[in-house]
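So the protein sequences, as listed, match chains V and F.
Going by our numbering, the residue at position 284 of the first sequence is 284; the numbering climbs one at a time, nothing skipped.
Going by our numbering, the residue at position 96 of the second sequence is 1096; the numbering climbs one at a time, nothing skipped.
Keep in mind that the hints were calculated from the coordinates and are not lab data.
Some hints here could point you the wrong way.
[Unchecked claim] Computed from the model, here is a short list of chain F residues facing chain V with C-beta under 7 Å:
# : residue
1 : 1004
2 : 1008
3 : 1022
4 : 1026
5 : 1062
6 : 1064
7 : 1111
[Said to hold, decoys possible] Cut-off 27 Å, straight-line C-alpha distance, at most; resulting in silico cross-link-like pairs (BS3-like, lysine-lysine):
#  : chain 1 : residue 1 : chain 2 : residue 2
8  : F       : 1079      : V       : 423
9  : V       : 207       : V       : 189
10 : V       : 396       : F       : 1114
11 : V       : 109       : V       : 207
12 : F       : 1018      : V       : 396
13 : V       : 160       : V       : 232
14 : V       : 131       : V       : 109
15 : V       : 207       : V       : 232
16 : V       : 160       : V       : 45
17 : F       : 1079      : V       : 411
18 : F       : 1079      : F       : 1017
19 : V       : 131       : V       : 232
20 : F       : 1018      : V       : 160
Note that the Cβ used here is the ideal one computed from N, Cα and C, for glycine as well.
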Amino acid sequence: MSATEKSVTTETTRPAEAARGGADSFDVERVRRDFPVLRQTVNGKPLVYLDNAASSQVPQVVIDRGGKYLREEHSNIHRGVHYLSQRATSAYEGAREKVRRFINARDAKECIFVRGCTEGINLVMHGYGRKFVSEGDEIIVSAMEHHANIVPWQMLCEEKGARLRVIPMNDAGELLLDEYDALLNERTKLVAVMHVSNALGTVNPVKEIVARAHRHGVPVLVDGAQAAPHLKIDVQDLGADFYIISGHKMFAPTGSGVVYGRAELLEKMNPFLGGGDMIRTVTFEKTTYAGLPNKFEAGTPAIASQIGLGAAIDYLNSIDRDAALAHERELLTYATELLSTISGVRIVGTAREKASVVSFVIESVHPHDVGTILDQEGIAIRAGHHCAQPVMQRFKVPATARASFAFYNTKDEVDALAVAVEKCIEVFS
Amino acid sequence: MSELSELYQQVILDHNKKPRNFRRPADANHSADGYNPLCGDQLTVYLRVEDDAVADVAFEGSGCAISKASASMMTQAVKGKTRAEAEALFSEFHRMVTGELDEENSPNSLGHLKIFSGVREFPARVKCASLPWHTLHAAFAGEVIATTENLGPDITSDQVSA
């Protein structure tokens, strides 16, 4: 018998709790009922899931939609004249239209389905970067990027003899826009920045970042992985040339994601993966490629997951998103205040504009030990470098503990977090 | 809480706070770096091997309490031992933390290292305890780097099936 077997049960449900008073009007207990995973105990304690920035939970309607596809519609898309294939195709393309509305793209063909943000950024690196970047060119990223928005560009720079430039940040975790201006020049071929930082919570002024790049005629890729679950996204208002989303961070299954790209850029780009579904004609002498979006969707995609992403968007549209965001802000403020009062706790990432992410370190307790002690209390957080090692180097910490909140989290859960953090200090005192 | 106090016993907490042999010996003739890329733990193990025995062993680096205490107690355990004895101890230690060795009822030379038996209840932490030993092994073998990625799963089939 293993520790895992002993410690996780799904039989008991979290007792209903009186909602704590607060300024927000969001009915958190009602939305909690939509997420079956939350109704379980871990190590004998109600599960407190505060690892939403790594992967968010999936509501029942999304589970049901995936199940319906598998039970009633499963078939390959785009290539069958039969009934099931048509139903599968229409559900899949229906999800694309939902994505289009969700991010306010002009045309659904500008929304390419990929398996997640990492694949999406790699698509742009191969399709755009390898075609348009050459020796001596420069690509600008920011100091707070996730490895997924650093490593592909480093690989490209190495291949082409190009140079990676980095927008620095201040001690609060805010990008220094004057320094950014100084980096933009005639050699700049692309700017790639995250909308919201997974490690620090910072919400970056991407509209301004895009505007400044466009003054130099430089396109901008925005990594929206952490923004899509919290903020309303309008790619046209932001002016983003590419905007990338991961489904599993916005209440959809893993294996779903989107690359939004402006049609004229996508048209000019090389394909990413070669194979079925992305072609117009194939002979051994020459292949011509399909139009958008199929040009970038080689092979059978994660059909059930992408349909699930469409259902997750329906779910988000069904709740009051402004109230949900206000509730998340309450949680952020409350958690920040509560953790700050504990002696020995330091919050890493104190930008004025933050999403509901609190990274912290406890004096003389390593984050990995924090993670284990919190897990014993049923609290799931992330401990480590958050795939952002340069951020850890910038703040001179080996790692941080990170609590990241979704709209279904409660103030009671923040209280549980604070109590468990005090317990960590007690164990190591 | 009992499993937690098994994991974080006073001896482990003491070694975390005051790690023994936490230094860089000038006359080391073997060394290797150990990394756990998942959590960012990093340490360097230094060895001075004379006549196939460990004349001196020390370490530096940063990591969680489990990895630091494990490194600290490892240096105490292997000093004076031959390479074969140290590797045999590594094998016993590894089998203990993955639940393959019952340290109370099977013959072994673990001694004070038995204090790490609680780690086997925390599958996610087995690599923390074993990283210093993998790094020691790499230093003996003349390898420059040990990383937990290349070590295979430090968990038993029992834990995988759960």
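Given the hint that residue 1018 of chain F pairs with residue 396 of chain V, test it: the Cα-Cα distance must not exceed 27 Å. holds (21 Å)
Compare the distance between the alpha carbons of residue 1079 of chain F and residue 423 of chain V with 27 Å, and conclude whether the hinted pair is satisfied. violated (36 Å)
Within a Cα-Cα threshold of 27 Å, do residue 131 of chain V and residue 232 of chain V meet the stated pairing? Since the Cα atoms of residue 131 of chain V and residue 232 of chain V sit roughly 32 Å apart, the hinted pair is violated (cutoff 27 Å).
Tell me if the straight-line CA distance from residue 207 of chain V to residue 232 of chain V falls inside 27 Å. holds (13 Å)
Residue 1111 of chain F as an interface hint toward chain V, with CB separation required under 7 Å: Status violated, d = 24 Å.
27 Å Cα cutoff - pair residue 160 of chain V, residue 45 of chain V: Answer violated: residue 160 of chain V to residue 45 of chain V is near 53 Å, above 27 Å.
Compare the distance between the alpha carbons of residue 1079 of chain F and residue 411 of chain V with 27 Å, and conclude whether the hinted pair is satisfied. Violated, at about 52 Å.
Let's test the interface hint: is any C-beta of chain V closer than 7 Å to that of residue 1062 of chain F? Hint on residue 1062 of chain F: holds, closest Cβ of chain V at ~5 Å, below 7 Å.
Quickly compare the C-alpha distance for residue 131 of chain V and residue 109 of chain V to 27 Å and report which way the hint goes. holds (21 Å)
Restraint: residue 1004 of chain F near chain V, CB-CB cut 7 Å. Satisfied or not? holds (5 Å)
Could you grab the alpha-carbon distance between residue 1079 of chain F and residue 1017 of chain F and see if it respects the 27 Å cut-off? Holds. Residue 1079 of chain F to residue 1017 of chain F sits at ~21 Å (cutoff 27 Å).
Would the stated hint for residue 1022 of chain F survive a check requiring a Cβ distance to chain V of less than 7 Å? violated (15 Å)
In this structure, the hints that do not hold are numbers 3, 4, 7, 8, 10, 13, 16, 17, 19 and 20, in rising order.
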